[in-house]
Every structure is written in C-alpha cells, then in structure tokens.
Amino acid sequence: MVAKNLLGKLLTRKFEGKTLIGRIVETEAYLGEDDPASHSFAGQTSRNQVLFGPPGRAYVYFIYGMHYCLNVSCQPAGQAGGVLFRALEPVSGLAEMARLRRLPPGASPRLLTSGPGKLCQALAITRAEHNGINLTNPDSDLHIADDGFRPTRIAATPRIGISKAARLPLRFLVAGSAFVSTTMRP
DNA sequence: GGAGCGATGTCCT
DNA sequence: GGACATCGCTCCG
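For my numbering, count along the first sequence from 1 and bump the result up by 52.
Derived by calculation from the structure, the hints in this document are not laboratory data.
All figures in this text were calculated on a predicted structure; none of them were measured in a lab.
Mixed in with the good hints there might be a few duds.
What the hints assert, rightly or not - Straight-line distance between alpha carbons at most 30 Å, and here's what the computed DSS-like set of lysine-lysine pairs gives: (1) K170 x K61; (2) K170 x K70; (3) K56 x K216; (4) K170 x K66; (5) K56 x K70; (6) K170 x K56; (7) K66 x K56; (8) K61 x K216; (9) K170 x K216.
Unchecked claim - Pairwise CB distance ranges (calculated): (10) H119 x S98: 19 to 29 Å; (11) G69 x A227: 34 to 44 Å; (12) A129 x G158: 39 to 49 Å; (13) T204 x M118: 30 to 40 Å; (14) D198 x K70: 16 to 26 Å; (15) K66 x I115: 18 to 28 Å; (16) M53 x A129: 15 to 25 Å; (17) K56 x Q131: 11 to 21 Å; (18) Q131 x G158: 37 to 47 Å; (19) E68 x Q96: 29 to 39 Å; (20) P156 x G95: 41 to 51 Å; (21) E181 x A159: 20 to 30 Å; (22) A94 x M118: 15 to 25 Å; (23) T204 x F114: 33 to 43 Å.
Think of the CB as a built atom: it goes at the ideal place given N, C-alpha and C, for glycine as much as any other residue.
Based on the sequences and whatever the hints tell you, model everything.
What follows is the structure in structure tokens.
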C-alpha cells in the first residue's frame, strides 16, 4: 500500500531559491484500469500516460478549470495506478506558501495545504513544469523525502469528491491531524 | 458550521 | 457537449 506508506514523508519543493516543505498527512489511492474512478480506467491516453509509465513519477493534471492536482505513479511501467496527494502539514516556508496562495501573511497554516488543489497552489506545482518528473530524485525541484518520521495512527476512509466507486476505503490520513482536507475526521 | 453554487480549462465521446 | 480526483464565496441557521 504505497498510499499508506507515503503518510508522514516530506514533500520538498525548491522554488526561486527557497525550500518549501510539507509533511504528507492525507493520500488517496487509485487502482488503475480496474478502478472506475481512476483517470486510467478508460485506458492510456495522452493525458494520463504518466500513470502507465515507471513508478515514482509526478502526474499533474488540471481540473475544474482552475486547479492542479498532484499524483505519484506507483506501478511498474505498463500498469496504471497512482496516489493522489490530498493534504500536507506545512513544515517550512509558510510565508512563501501564503504568498503563493494569495493569503495574508500570518493566515492560518491550516488554509495553506489542506486540499489537493490548495497544496499545488502553495507549492507552485504546475502541469507544464512538473508532469512526469521523478519524485524520488532528491535533485528534482519537487521530490519526496523521508526523515524517518512515522505517524502513530493511520485511518482509512471512503474517497472524497468522486462519483464512481467512492465508497472503497482508499483514502488514508494521519489520525488526529489538524491539516487534513475536511472537518470530518474520524 | 454546513449546504448550495459558479468559475473555468482540458480531455474524451 | 459534457464530465470533472476543487475551491471559495454566499447565504442560512
């Protein structure tokens, strides 16, 4: 379960000489061609080809005309499957994140990255810049780091914001975190 | 605190 | 033409 293992790891973004860091507190798994809710359900297309590529790559897509969402591919080349980053706990570079989110300085950290669209805005993640990059390479502008932290309690809940197969318990979050994407916490 | 809704680009049928 | 893995604003309590 890659989605579960990603919880507690750090997402590091180098941007204009600054380093922005968030700890992953919420993820959602998409299974691939057998999952009706997955972008890869209808087979490989130019949009989702990253999901069919090698694992550890960023799949960034644009949704609802105004938001980006960040996924990481997690199956061998030839198989689809990915994990959506739904929420981060801001760790470093909060002032810069607030600026990118166009929030006043000193806005609540909970507003910065508590949702898939928000975290992309806070880390200046775009499809043009980041789709297809290797998230496991520490030299990437955007990559996943591990500082050894492991959340003590992990909860699984139904997936959010989708209409098909939403009831499968494929959403994972750090239990008790104040930074997950909804007020409905177990 | 929560329900309702509009904004808006890209891709697929 | 319509669906869409969302957000933030408006209303209402």
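Hint-by-hint comparison with the structure:
no.: 1; hint: K170 x K61; verdict: 18 Å, holds
no.: 2; hint: K170 x K70; verdict: 19 Å, holds
no.: 3; hint: K56 x K216; verdict: 21 Å, holds
no.: 4; hint: K170 x K66; verdict: 17 Å, holds
no.: 5; hint: K56 x K70; verdict: 29 Å, holds
no.: 6; hint: K170 x K56; verdict: 21 Å, holds
no.: 7; hint: K66 x K56; verdict: 25 Å, holds
no.: 8; hint: K61 x K216; verdict: 29 Å, holds
no.: 9; hint: K170 x K216; verdict: 23 Å, holds
no.: 10; hint: H119 x S98: 19 to 29 Å; verdict: 20 Å, holds
no.: 11; hint: G69 x A227: 34 to 44 Å; verdict: 36 Å, holds
no.: 12; hint: A129 x G158: 39 to 49 Å; verdict: 45 Å, holds
no.: 13; hint: T204 x M118: 30 to 40 Å; verdict: 36 Å, holds
no.: 14; hint: D198 x K70: 16 to 26 Å; verdict: 21 Å, holds
no.: 15; hint: K66 x I115: 18 to 28 Å; verdict: 25 Å, holds
no.: 16; hint: M53 x A129: 15 to 25 Å; verdict: 20 Å, holds
no.: 17; hint: K56 x Q131: 11 to 21 Å; verdict: 19 Å, holds
no.: 18; hint: Q131 x G158: 37 to 47 Å; verdict: 45 Å, holds
no.: 19; hint: E68 x Q96: 29 to 39 Å; verdict: 35 Å, holds
no.: 20; hint: P156 x G95: 41 to 51 Å; verdict: 45 Å, holds
no.: 21; hint: E181 x A159: 20 to 30 Å; verdict: 25 Å, holds
no.: 22; hint: A94 x M118: 15 to 25 Å; verdict: 24 Å, holds
no.: 23; hint: T204 x F114: 33 to 43 Å; verdict: 36 Å, holds
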